[in-house]
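K.L.:
Using the sequences plus the hints, can you model the full thing?
According to the working numbering, the sequence shown holds residues 13 to 201 in order.
These are computed hints drawn from the structure, not numbers from a lab. Careful: at least some of the hints might be erroneous.
Below, a list of computed lysine to aspartate or glutamate pairs in the EDC-like style, where the Cα atoms sit at most 16 Å apart [to be verified]:
id: 1; residue 1: LYS51; residue 2: ASP101
id: 2; residue 1: LYS194; residue 2: GLU181
id: 3; residue 1: LYS194; residue 2: ASP165
id: 4; residue 1: LYS51; residue 2: GLU83
id: 5; residue 1: LYS51; residue 2: ASP100
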Amino acid sequence: MNTQHGFQRLDRFRLPTGFRGRSAFVVQLWWFTQAVFFKSLPQICYGLRRSVLRAFGARIGIGVRIRPGVEVTYPWKIAIGEYAWIGDDVVLYSLGAITIGAHTVVSQASYVCAADHDHLVMDFPIRERPVFIGSEVWIASDVWIGPGVTIGDGAVIGARSTVIRDLPERMVCVGSPCVPIKPRLMRPQ
Numbered sequence: 013m014n015t016q017h018g019f020q021r022l023d024r025f026r027l028p029t030g031f032r033g034r035s036a037f038v039v040q041l042w043w044f045t046q047a048v049f050f051k052s053l054p055q056i057c058y059g060l061r062r063s064v065l066r067a068f069g070a071r072i073g074i075g076v077r078i079r080p081g082v083e084v085t086y087p088w089k090i091a092i093g094e095y096a097w098i099g100d101d102v103v104l105y106s107l108g109a110i111t112i113g114a115h116t117v118v119s120q121a122s123y124v125c126a127a128d129h130d131h132l133v134m135d136f137p138i139r140e141r142p143v144f145i146g147s148e149v150w151i152a153s154d155v156w157i158g159p160g161v162t163i164g165d166g167a168v169i170g171a172r173s174t175v176i177r178d179l180p181e182r183m184v185c186v187g188s189p190c191v192p193i194k195p196r197l198m199r200p201q
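P.N.:
Below, the structure is given as C-alpha cells:
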C-alpha cells in the first residue's frame, strides 16, 4: 500500500552521532540490567537502585527513593536531587536530559519525555529536549510531561494532567493541557 504524501520518510531517518551518549554495548548492558534486575527489585531496595543508577552514570542525591517498576532509558542523562521520590512504574524517557529537584515527588505511572521529532522535516529527525522539574514539586499520578518543559519550584501538577509548556513555581496546575489554577499555599502547622 503506497500512502506517501511527502510528509515524512522514515527510511531516511538517522540517529545523530553520539545521540545515546554511550556506546552501543553500554546501552545494551543497561537495558539488560534494567529488564532482568533493576525494575523487579523489591520495594525496600532503594539504596541498591540508587547504586545501580549511579554505576551507569546517573547523578542521584542522598535519600532518593526509587520504587519498583521505574524505567529509565539512559541513566547517564538523569539527575535527581536529594530526598526525591520516584513512584512505581514511572517512565523517565531520557533521550535528552531530565533533571528532578530535591524533595520532589514524581508519582506512580507518570511519564517524563525528553525528546521529540521535528515533524516539519521529511527525514523526521529526533531532537533532545531537556526537561527540568524544580525542587519541592509534586507531580501527581499518571501525569505526562512533554519535551522541553520546565516546572518551577514548589508547583503541584494534578493527576492525569498533560504538561506541554512551562509551568510557574508555587502554583497548583491541572488539566490537559495543564494550566495554573491557584497559588500553592501552606497550612500553618
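K.L.:
Take the hints in turn and mark each one as holding or not.
P.N.:
For each hint, the structure was consulted:
1. LYS51 with ASP101: Holds, at roughly 9 Å.
2. LYS194 with GLU181: Holds - the C-alpha atoms of GLU181 and LYS194 are around 11 Å apart, at most 16 Å.
3. LYS194 with ASP165: Between LYS194 and ASP165 the Cα gap is close to 15 Å, so the pair holds against 16 Å.
4. LYS51 with GLU83: This hinted pair holds, its Cα atoms lying about 7 Å apart.
5. LYS51 with ASP100: Within the cut-off at roughly 10 Å; holds.
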